[in-house]
Amino acid sequence: MADFEVPSIKEDIIVPHINPGVMEQSGPFVAKPDHQEALGFPGELVDNWQEAAVAKMGDMLKKYRSLKVFMDSCVKCGACTDKCHYFIGTADPKNMPVGRQDLFRKVYRRYFTLAGKFFPKLVGASDFTEEVLDDWYNYFHQCSECRRCSVYCPYGIDTAEITMAAREIMASIGKGMKYSNEIIGKVYKIGNNLGLPEPALADTLEGLEEEVEDDTGVAVKYPLDQKGAEILLVTPSADFFAEPHVDGLIGYGKVFHEAGVSWTLSSKASEAANFGLFIGSYENMRRISLRIREAAIDLGVKRLIFGECGHAWRVAYSFLNTLAGPFDFLDQRYPIPQHILEFTLGELEKGSLNIDKSLNDDMTLTFHDSCNVARASRIGSAPGSQFETPRAVIKAVCNNFVDMRADTIKEGTFCCGGGGGLLTDDLMEVRVKGALPRMTALKDVVENEGVTHMAAICAICKSQFSKVLPYYGFGMDQIVSVHQLVSNALILKGSEQESEQAEAEA
Amino acid sequence: MAAIELNGKSYEVDEEGYLADLNQWDEDIAKEMAKLDGAELTDAHWEVINFLREYYEEYQIAPAVRVLTKAIGKKLGKDKGNSKYLYELFPYGPAKQACKYAGLPKPTGCV
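First to last, the sequence lines map onto chains A and B.
For the first sequence, the residue numbers in this note's numbering are 8 to 513.
For the second sequence, the residue numbers in this note's numbering are 923 to 1033.
Derived by calculation from the structure, the hints in this document are not laboratory data.
Heads up, the beta-carbon is just placed ideally off N, CA and C, and yes, glycines get one too.
Check the hints yourself; a few may be wrong.
[Claimed, not checked] No farther apart than 27 Å at their CA atoms in a straight line, the calculated lysine-lysine pairs in the DSS-like style are these:
1) 17/A / 450/A
2) 1028/B / 39/A
3) 1018/B / 185/A
4) 275/A / 1028/B
5) 185/A / 1028/B
6) 931/B / 39/A
7) 500/A / 992/B
8) 196/A / 1018/B
9) 228/A / 992/B
10) 1018/B / 39/A
11) 228/A / 1000/B
[Stated by the list, open to error] The calculated label-pair distances, taken between Cβ atoms and stated as ranges, are:
12) 17/A / 1013/B: 25 to 33 Å
13) 456/A / 980/B: 44 to 52 Å
14) 960/B / 513/A: 52 to 60 Å
15) 954/B / 369/A: 37 to 45 Å
16) 510/A / 1001/B: 25 to 33 Å
Take these sequences, add in the hints, and give me the full structure.
What follows is the structure, encoded as structure tokens:
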């Protein structure tokens, strides 16, 4: 099924012997002129690209002090070398975090340090040649910006920021990536990554209402553009489109219904994802974020809640107020923004949801911490709540839950292999190989703890796993949404299941 | 841009083999694309492909998976109204593979 060698899962996560250059040809399709121009970038590689790239790097070093610190502070201690899932899966040393950083660092040293200007060879500095640009393009698209390496770096060097800077420089000289840039263009033109126009969205939601009513006998609503609703839900458009995402969306709607709050989706902000983050473009990240602000104002909502999307939550939690604030028009008694899991956990704790955990007894669950949630946010106010909230929700609706081994979860979680703008078929080899550590940890609990399903709270993770699980001998339906589990166990007031429950108890 | 030559006609396709111009689509190119993937289109495939084209014409997007399974279930019986059936027909994924044969653009995003 693959035109490359799929790694085999070993007993343990093994640090491979290096295989230099093995992934040097693996890069994504380059953005077309119209994809580039819609985002404010030149259509194709500019004539003076080298000069322009160095000038852009200079600007960025001034603007982002962190970038300069990261360039100067690496002591080559080696702590990061075995921490990247793409290195573990491919064995290419340029996929070691320090190897990836050095692609940027050697250009930085050549043009921005005294030693590199005069004695380039002594300090590993290099001109920004076409060969270097090719390496940049391919290897900075073999990083999912998951930030696992930064957890282990004694200086806290964040390779994700270096990758973002490199991608921003490349886009600014006309060499952007097709997948991310085409998608951002659709967000501007249509409102979401998929390009799902308002009538299709309305039709899809209507279909979900029918489905839930058929299943339960209860008319749960999935409202769109409903002015005056209390809550605006911003969720990834994959939730409308794909499985298992849609089962999560069904779950959010049921929870809101039972909680008795009014809510709405927006056709303008029909996307939580913000690929501006992936391409390192502040301007695009801001423009994407502002849609959410505009939608919230237009609809007159009081609260803002995000659905299950990893990097959207990073942008929302860490940057939204700077990018699109102040949100002084929202109800200040609630978190701005709030994660759907925090909302659901609140309802579970209040006891407003009638849960029958045995309805999930056909599964034994484990949980995949999504990188952007795990290492860049909280879900709630307490430290570590980004790990505890999802687990608390799963345990409240399922009897069988087992964690994977400790160094592969929480702050040490491995990326699914498809994050950071790599979830595209032209990078399938990188995606499959990058999933190896997670697949190894999963296999361990499947074989030793009887785990049948893995739950996730990110649209990218869900799509990536449903694609790569079969390469490793698992079923594509072994990945589930956390709110799908909530949905399975939640008995709606006035539903057929509630009558059955009452009969069983009588 | 690449092209597929068939019956003296040239069909422009993108890097992944999706038709560049929806209006160029005809049944022959659908069959040819399937042949290039080593597949043969049966009546069951055509049910899906025709529905995708009708839906696209109305909404300018491929249908969401639940919209598709529901429509197929209505047409062909409830046992076929699920994604398992669709994956049997289109092993590379109904959204992507069936869209390609139907001449629709590839769905983008986190899917």
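Hint-by-hint comparison with the structure:
no.: 1; hint: 17/A / 450/A; verdict: 9 Å, holds
no.: 2; hint: 1028/B / 39/A; verdict: 15 Å, holds
no.: 3; hint: 1018/B / 185/A; verdict: 17 Å, holds
no.: 4; hint: 275/A / 1028/B; verdict: 22 Å, holds
no.: 5; hint: 185/A / 1028/B; verdict: 13 Å, holds
no.: 6; hint: 931/B / 39/A; verdict: 25 Å, holds
no.: 7; hint: 500/A / 992/B; verdict: 26 Å, holds
no.: 8; hint: 196/A / 1018/B; verdict: 22 Å, holds
no.: 9; hint: 228/A / 992/B; verdict: 18 Å, holds
no.: 10; hint: 1018/B / 39/A; verdict: 21 Å, holds
no.: 11; hint: 228/A / 1000/B; verdict: 24 Å, holds
no.: 12; hint: 17/A / 1013/B: 25 to 33 Å; verdict: 28 Å, holds
no.: 13; hint: 456/A / 980/B: 44 to 52 Å; verdict: 48 Å, holds
no.: 14; hint: 960/B / 513/A: 52 to 60 Å; verdict: 58 Å, holds
no.: 15; hint: 954/B / 369/A: 37 to 45 Å; verdict: 43 Å, holds
no.: 16; hint: 510/A / 1001/B: 25 to 33 Å; verdict: 29 Å, holds
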